[in-house]
Structure formats: structure tokens, C-alpha cells
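Going down the list, the sequences are from chains A and B. Take the first sequence: its position 46, counting from 1, is numbered 46 in our numbering, and each next residue is one higher. One gets our numbering by counting positions in the second sequence from 1 and adding 349 to each.
Please keep in mind that the hints were generated in silico from the structure rather than gathered at the bench. Just so you know, nobody snuck in bad clues.
Taking lysine to aspartate or glutamate and the DMTMM-like style, the derived pairs with C-alpha atoms no more than 25 angstroms apart in a straight line are: (1) A:105 to B:361; (2) B:447 to B:471; (3) B:447 to B:436; (4) B:544 to A:104; (5) B:705 to A:169; (6) B:438 to B:426; (7) B:547 to B:361; (8) B:705 to A:32; (9) B:547 to A:169; (10) A:105 to B:623; (11) B:547 to A:32; (12) A:137 to B:369; (13) B:360 to A:143; (14) B:547 to A:86; (15) B:705 to A:28; (16) B:544 to A:99; (17) B:547 to A:104; (18) B:705 to A:74; (19) B:544 to A:176; (20) B:705 to A:104.
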Amino acid sequence: MLPHGFIPHMPILAIRVRNLVKTYPGRDGPVEAVRGIDLEIPEGECFGLLGPNGAGKTTTVEIMEGLNRPTSGEVEILGMNWGSNERAIRQRIGVTLQETRFPDKATVFETVRLFRSFYQAGLEPNDVLARVALESKANSFVEQLSGGQQRRLAVAVSLVGDPSVLFFDEPTTGLDPQSRRQLWDLIRDLRDRGRTSILTTHYMDEAERLCDRVAVIDQGRVIALGSPAELIARLGGEHIVEFALATDGVTTPIDPEQFASLDTVLATRAEGDGFALTVGEPHRAIPALLDRLEDFDRPLVRLTTRQVSLEDVFVSLTGRHLRDDEPSEVDAAKNGRKSRRGRKRSRGV
Amino acid sequence: MSDLYQLASLKELYFSRLREFYRQPARIFWVYVFPTILAVVLGVAFQSRTQNTVQVDLIENASTDSLKRSLEAFQPEADKLELPKIEYKILPAEQAIKRLKTGKTPLVVEPTISPPLIYHYDPTRPEAATARAVFDDEIQRAAGRKDPISVRDEKLKEPGARYIDFLIPGLIALNTMGGGLWGVGFLLVNFRIAKLLKRFCATPMPRRNFLLAVLGARLTFLIPDVGVLLAMGVFAFHMPMRGDLFTLIIVELFGALAFAGIGLLVASRATTTETVSGLMNLVMVPMWLLSGVFFSSERFPAAMQPFVQALPLTQLVDALRRILLEGAGLASVAGSLAILAAWAIGTFLIALKLFKWT
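Modelling step: build the complete structure from the supplied sequences, incorporating the hints.
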């Protein structure tokens with residue numbers, strides 16, 4: 001392999017996906033898992049596919065990986081397409097599936113060595129194990145590994161062919177915090193080495209920390225695309241104020257719209273048992289809110305503020321949460337325009 | 350050659366299959382220990398079943414003593430003629446008849462005045478009829494009967510005609526069937542469930558290498574699978590080996606490929622262990638029963654014979670028996686080889702069409 005780093009080159013696309021559609025035959029007519037996705041991912045980027053379960057993330061990634069055929073549309077990996085260059089593409093990609101159970105009675109080293117033998121060129125099994133911090137487990141049977149260690153083994157196996165493009169399908173789902181952080185470090189390290197990573201996740205914080213850009217996917221479509229900061233900026237505010245009022249037996253429902261006119265409030269929505277306000281400047285919005293609450297004669301039971309996250313982006317775009325089906329009404333965008341006065345800066349949306 | 354690295358993947362896949370096998374003690378039990386125990390138990394059970402003793406109840410009354418004396422007086426003569434030994438219990442009439450009715454004794458002999466003897470027995474029980482014939486023969490001889498025709502008994506003790514000789518080729522074939530279905534079918538479904546098949550598909554490794562490695566490992570394990578049972582038969586039970594080893598290996602190879610093909614077919618779509626276990630039982634149980642492993646398949650009615658003979662296990666059992674016990678050569682088992690080959694080719698072609706990798 002050529003050394004990476006100082007060779008000047010035009011930014012090439014690691015992945016190009018055009019008008020991707022995947023329809024499965026279903027019991028009640030065809031199910032459209034992917035309904036026309038276009039993506040262009042340059043080399044060296046860490047790209048996230050974000051969306052709730054069943055949004056079509058895994059189907060999209062498996063089509064990119066050549067493990068699933070699209071109903072229509074085009075996929076190019078490093079300028080090659082699956083139809084004519086399958087073997088060549090496979091030499092250059094690494095895949096971590098959502099879950100792989102490697103044979104119990106093989107050792108960690110044997111498992112990595114087996115996969116190394118599939119590639120024309122690649123890394124030493126021991127070096128790969130060192131990168132995922134499994135070198136002390138080299139001679140353990142796979143069955144003796146913890147869940148996090150097994151996941152790291154799966155990553156080691158995907159690295160052993162020294163791929164240019166890596167796919168991670170929900171790499172940290174179900175992992176303990178320490179294992180998650182180890183995997184995050186590994187994915188950052190790959191970006192530092194100039195590799196392209198594509199990961200799917202339904203964890204907001206994961207996408208915000210790791211990804212250069214994310215595509216928010218819902219019901220088989222890309223509903224937003226950009227860097228995490230851009231997407232957050234599109235909501236207008238930087239902060240979320242959440243509060244709840246006491247409910248003593250009989251309560252008349254409160255329309256969140258009533259808070260829309262408060263100072264620097266950009267959007268409002270009912271959120272669980274309370275309300276969430278997207279605000280530009282909390283130090284102005286909160287006193288105004290407390291003033292308004294005087295009118296209700298119902299004590300405040302909760303008041304918190306936090307930074308806007310990708311989760312809020314998703315909720316504002318779809319009216320649903322990413323991780324569960326908790327309903328939440330959205331009164332977002334329509335209130336955005338009249339409350340722009342509190343906004344400090346605006347990023348190109 | 351740029352494809353040389355693919356040989357390395359074939360080698361790695363093959364050795365990883367071998368390692369996985371011998372690291373699983375449970376599999377070693379089912380493949381080697383269990384058939385050995387089966388052979389020993391069945392071999393011993395059927396070997397000791399010689400009818401050298403007949404058990405009889407005598408009813409106790411005034412005439413019992415004279416009957417007993419005449420049996421005792423005849424004993425030396427009976428031993429000389431190697432007649433079956435008669436063991437008797439003397440019991441009150443009521444108790445003896447009860448024992449007969451509950452199947453605890455095959456024959457109750459009641460000495461009376463006229464006629465001197467009454468036999469109580471159930472003629473539908475084979476051992477009752479035998480006991481009556483043996484007892485009657487002996488008591489008539491004791492009473493001085495002279496046979497008008499003199500005969501001589503040639504008792505068959507030759508290896509090859511005993512039940513154990515019949516059984517061992519059957520067990521070898523059964524092991525070959527189990528190896529194909531478990532070692533190929535069950536294994537592949539487990540790989541599919543573990544998403545390993547999918548993971549392999551995501552690598553540049555050609556799928557054919559994976560299948561070749563599984564098949565190669567299966568054929569490698571044929572050597573101990575067959576060897577252990579064959580050695581036990583020859584050394585522990587003195588089973589004859591009249592045919593040549595080469596013919597035996599060819600037949601086993603064809604049999605193993607036929608069952609590997611069936612294993613592949615069974616595994617081609619199943620995505621749960623329940624499905625594949627059900628399918629494997631659907632394939633194996635009829636063959637356990639019909640293919641003549643434990644008793645001759647000739648016993649089934651003529652109308653069933655075309656079906657029974659078309660089963661791969663029937664052909665494998667039959668060919669192995671003819672090689673081992675009758676010394677058949679390659680030419681005379683050609684028919685069996687053809688049927689096994691047809692199974693192997695047919696199932697592989699269908700399975701590769703149906704097989705789901707991802």
C-alpha cells in the first residue's frame with residue numbers, strides 16, 4: 001500500500017449514491033424501505049446516517065456494502081460499481097455488521113488471521129488487535145469475550161484488510177459507556193489516518209461527537225443533511241428550556257403556543273408532561289417565562305435548560321423522537337420567523 | 350499468480366473448521382462415543398441371545414416327583430447330546446398358572462395320570478412354543494424314544510452372519526449420514542444465524558472457498574468417523590473384512606458427498622435452529638427406520654421397496670455390508686454408487702440455487 005498523507009490529490013468521492021430505492025415484498029403490498037436517497041461522501045470523511053429504528057439506515061448501508069441489491073438507483077464506491085467491480089471493491093472496504101457472532105471455539109487471534117487471509121494486502125493480526133486494545137485477549141476463545149470485546153473484535157476483523165472505506169452499522173448499540181468511548185476513539189483514529197467511515201446510529205451524541213456530516217433519515221428519505229452544527233443552527237436557537245407545571249387533578253390543557261411570543265423564544269412544543277422551548281438567550285427568556293407563569297396559578301415543578309442537540313433537530317423535523325415513539329407535538333418552524341430578534345448569529349441554512 | 354492468496358484463505362478456512370470440531374467435546378461424544386456405545390449394547394444384547402436354557406414351571410402334585418426323577422436321570426444323556434438345558438421350578442398349580450398368565454413363565458407342565466402330561470402355554474408366544482418343543486423332546490427321549498432318522502447339527506458360529514456383523518456397517522453409514530446433516534446442514538444454519546455467512550460475503554473471499562472448506566473438513570472427518578467403528582468391529586467383535594479398503598473408501602466418499610448435499614439443501618433457507626432441526630429429523634428419521642440399519646430393509650412390503658431402495662442410506666448400508674461381509678468389489682456396488690452420486694449432484698445443484706447467503 002502507498003503511504004498516506006502527503007500525496008496531493010483531488011478530493012474524490014468515497015461513496016456516491018444516486019436515487020436509491022429499495023422495495024421489499026410485504027404481506028400488505030410492497031414495503032418501501034428506501035425511497036430515493038442521494039448521497040455524496042468525499043474521501044476521509046466520517047459520515048453518519050441518523051434515524052430511528054426502521055428508518056432505512058441498515059438497508060441503505062447494506063446496499064452500499066454490496067450485501068443487498070437496490071430495487072433501483074446507483075451506488076459507486078471509490079469510483080467503482082458493484083456490478084462490474086465487486087471483488088475489487090471488497091478488497092478495499094471493511095464492514096462491521098450490527099451483530100456478528102464469530103465461532104465460539106476459535107481464538108481471537110485465529111479469527112483475525114482467518115479474515116486476514118481473505119485479503120490480498122492488509123495488516124498484521126497482532127497490530128490490528130493492538131488498535132482495538134484486544135492484544136491481551138489474543139489467545140482467548142471468542143466465547144470468553146464480553147459483549148464490548150466481541151464488538152471490538154468485529155471492528156478488528158473489519159480493519160484487517162486495511163480498507164479505505166469502513167462501514168459501521170450501529171457500532172455502539174448496547175455497549176457500556178467505556179466500550180463506547182473506546183470505539184469512538186478508534187473511529188476518530190481512522191479519520192486521522194484518512195479513512196472514510198460511514199456509520200449508522202440512533203444515538204444523537206454519537207453522531208454529534210464523531211461525524212463530520214450527518215444525513216437524518218426518516219421513512220426511507222434524507223430529511224436533513226449537513227454537519228451537526230449546521231443542523232442545530234437550522235433550528236435557530238442554541239438552547240432548550242424545558243419546564244413542567246403541577247397538575248392537581250383537574251387541569252385545563254395549556255397550548256404551548258402561548259409561550260411563543262416570549263422574549264427570544266423561537267419555537268415551542270409540548271414535551272411529555274411538560275413543554276420545551278427553543279430559545280436564543282436563556283437569560284432573557286427565563287425571566288419572561290416565569291412572569292408569564294404567574295398567570296396560571298400552577299406551581300412550577302421542573303425547569304431545566306440544555307444545549308440544542310440533534311435530537312431536537314429530529315423532533316422538529318418529524319414530530320417524533322429518535323429512540324422511542326414518544327409523541328410530541330411540533331409547533332416549531334411556524335413560530336420561528338416572528339421570533340428572530342433574539343438570534344445572535346445565523347449560519348447559512 | 351494473483352489469485353494465490355485465495356489458496357491461503359482456503360487453507361485458513363479448512364483448518365478453522367478442523368479446530369472448531371475437535372474443540373467441541375459434545376460433538377466428539379455424539380460422533381464417536383455414542384455410536385460405539387450403541388454398537389456395544391446392541392452387539393452384546395443380540396450376541397448372548399442363544400437358546401441354551403429353557404425355563405419351565407412344574408405343577409406340584411402326587412406325580413411331580415416321578416417326573417422330576419426321570420428328568421434328572423436323563424441329564425447326563427442330555428448333556429452328551431448338547432440338548433438345551435431345562436430349568437424348572439416346582440410350584441402349586443394356582444401359582445404356576447398365574448405366572449403363565451402374567452408372562453413370567455412360558456410353559457407350565459402338569460403331571461397327571463392320564464394323559465401323563467398336560468402342557469399349558471400360549472402358542473402365539475415364540476418362546477412358549479420353543480419351550481414346549483424342547484421340554485417335550487427331552488421327556489420323550491427320557492422315556493426311551495428312538496428317532497428313526499439320525500441327524501447331525503452344524504451350528505453356525507462364523508463371523509459375518511451374526512447380528513453385530515450386520516449392525517456395524519449400518520452404524521458406519523448412520524455416522525456418515527449424521528456427519529453430513531450435522532456437519533454441513535446444522536453448521537451452515539448456525540453460521541447464518543450468527544450472521545457469519547453475511548460477514549463472509551462482505552469480504553473478497555470467494556464463496557466457493559468457504560463451501561470447499563466445509564466439504565473438505567467433512568471428508569477429513571470421515572477418516573476417524575469410519576475408522577473408529579470399523580476398528581471396533583474388526584478388533585472387538587471380530588467382524589470380517591472381506592472386501593478391499595479402496596472400494597470401501599470410494600463408497601464412503603460417495604455417501605458422504607450425498608449426505609453433505611442433503612445437508613446443504615436442508616440448510617439452504619432455514620434461519621432458525623428449530624427449522625433446521627425439524628428438517629433434519631424429517632430427512633433422518635425415515636431413513637433410520639426404513640434403510641435397514643437395525644433390521645433388513647427387505648422386510649418392508651414390495652410396494653414400498655422402490656422408495657426404500659431410492660434412499661441414499663439404504664444404498665450406503667447395502668453397499669457397505671456387501672463390501673465388508675461378502676467381499677463385493679467396485680463393479681458390484683456400481684448401482685449403489687450411481688444412486689449416491691445422483692443424490693450428491695442433484696442436491697448440490699438445487700441447494701446452490703436456493704442457498705441464501707445474506
